[in-house]
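**Student:** Order-wise, the sequence lines are chains A and B. Just so you know, we're using the working numbering here: the first sequence kicks off at 1 and counts up by one. Just so you know, we're using the working numbering here: the second sequence kicks off at 1 and counts up by one.
I should point out that these hints are in silico values taken from the structure, not numbers from a laboratory. Please note: incorrect hints may appear among the correct ones.
Rough simulated footprint, nothing fancy, chain B against chain A, three-plus residues with beta-carbon under 8 Å [said to hold, decoys possible]:
| no. | segment |
| --- | --- |
| 1 | 51-60 |
| 2 | 63-75 |
| 3 | 90-97 |
For each residue, glycine too, the CB sits at the ideal point set by N, CA and C.
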Amino acid sequence: MRIFLSLFMMFGLILSSTAHAIKAGEPLEFKDADQEELYNKMLYELRCTVCQNESIAGSRAELANDLRANLYRMITEEGADQGQIKKFMVDRYGEFVLYRPTFSPANYLLWAGPFALLVLGVIILLINVRSRNKINNKSNLTAEEADLLAGYLDSKKEKE
Amino acid sequence: MNRHMIPLGVFAALLLLFWVGLGLNPNIIPSPLIGKEAPKFELPELHNQQETVSNEMLKGQVTVFNVFASWCISCRAEHHHLLDLQRKGVYLIGLNYKDERRHALGYLSQLGGDPYAKIAFDYKGDIGIEWGVYGTPETFVIDKKGIVRHKHTGPLYREVIENELLPLIRKLEQEV
């Protein structure tokens, strides 16, 4: 009975160690907390390329299972850091796998675009306001006319 | 007059942006492999387990590298096109992705034959990851030096073959 049990356990161990897919949310063992943290962080940084609006953290796609297993292997066996993991993924699937695009020349417009639009908007606003002020301040009255007007306004004030 | 042209100009620019942007297929991810050497691999052959298929076989001639699986519905749809390509003298290497051997063999005989010169059997799907496979079928065109020159994601159809694939293959065949 005991032999059976240990055999059974060994078999289970072999199965689990060669398992080539990790299901979403599957409990895993790590050497230390850093590795676990890195694994959990990367799960949310990487996009599942099959189901594009999901990270590989929650995706149930086959490919996501494989990518999770790959990530786990890279972290626990190869001791890969964040940069190495990202490079591995980008080399194969392109920058699209990263949920946060890098600040590279191809992405300058993406990152700076909104701010550039904001600056442009402020400039247009300033120009508009200034030109409007100019119109308001412009006076076509001669000195006599201005005096006449001022006198009229004063007399009106006295009446009140 | 000039002032009224500004909103019109902005509108035209937006129209152009949407025209181009909405015409793009968001499911197509450009492959980072284009222009690079084909990923290294070594796998057993599907028909003959003793034999190995490796990336070295992609060199020396223009190769169409096609990723397929028996569980992949759209692979079935493109299979007759692959047979057609073979008849036209195109050199095809297959990657049988995350499949069972017997299922794959059944698939080939069921669909009218095997168009591939060799088929690499990627049971675990590791090599699929190396190639950035995310939606079978996927088709790569590789030049004589083993450089990936083109990728088509999804099933092949006549327009793609006649307008993109075959002209590219003919062009690459002229290269030394």
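**Student:** Determine for every hint whether it applies to the structure shown.
**Tutor:** A quick look at each hint next to the structure:
1. Counting residues of the segment 51-60 of chain A whose beta carbon lies closer than 8 Å to any beta carbon of chain B gives 1, which falls below the threshold of three, so the coverage claim is violated.
2. With 4 residues having a beta carbon nearer than 8 Å to a beta carbon of chain B, the segment 63-75 of chain A meets the requirement of three or more and the stated coverage holds.
3. Coverage of the segment 90-97 of chain A by chain B holds in this model, with 7 residues showing a Cβ closer than 8 Å to a Cβ of that chain against a need of three.
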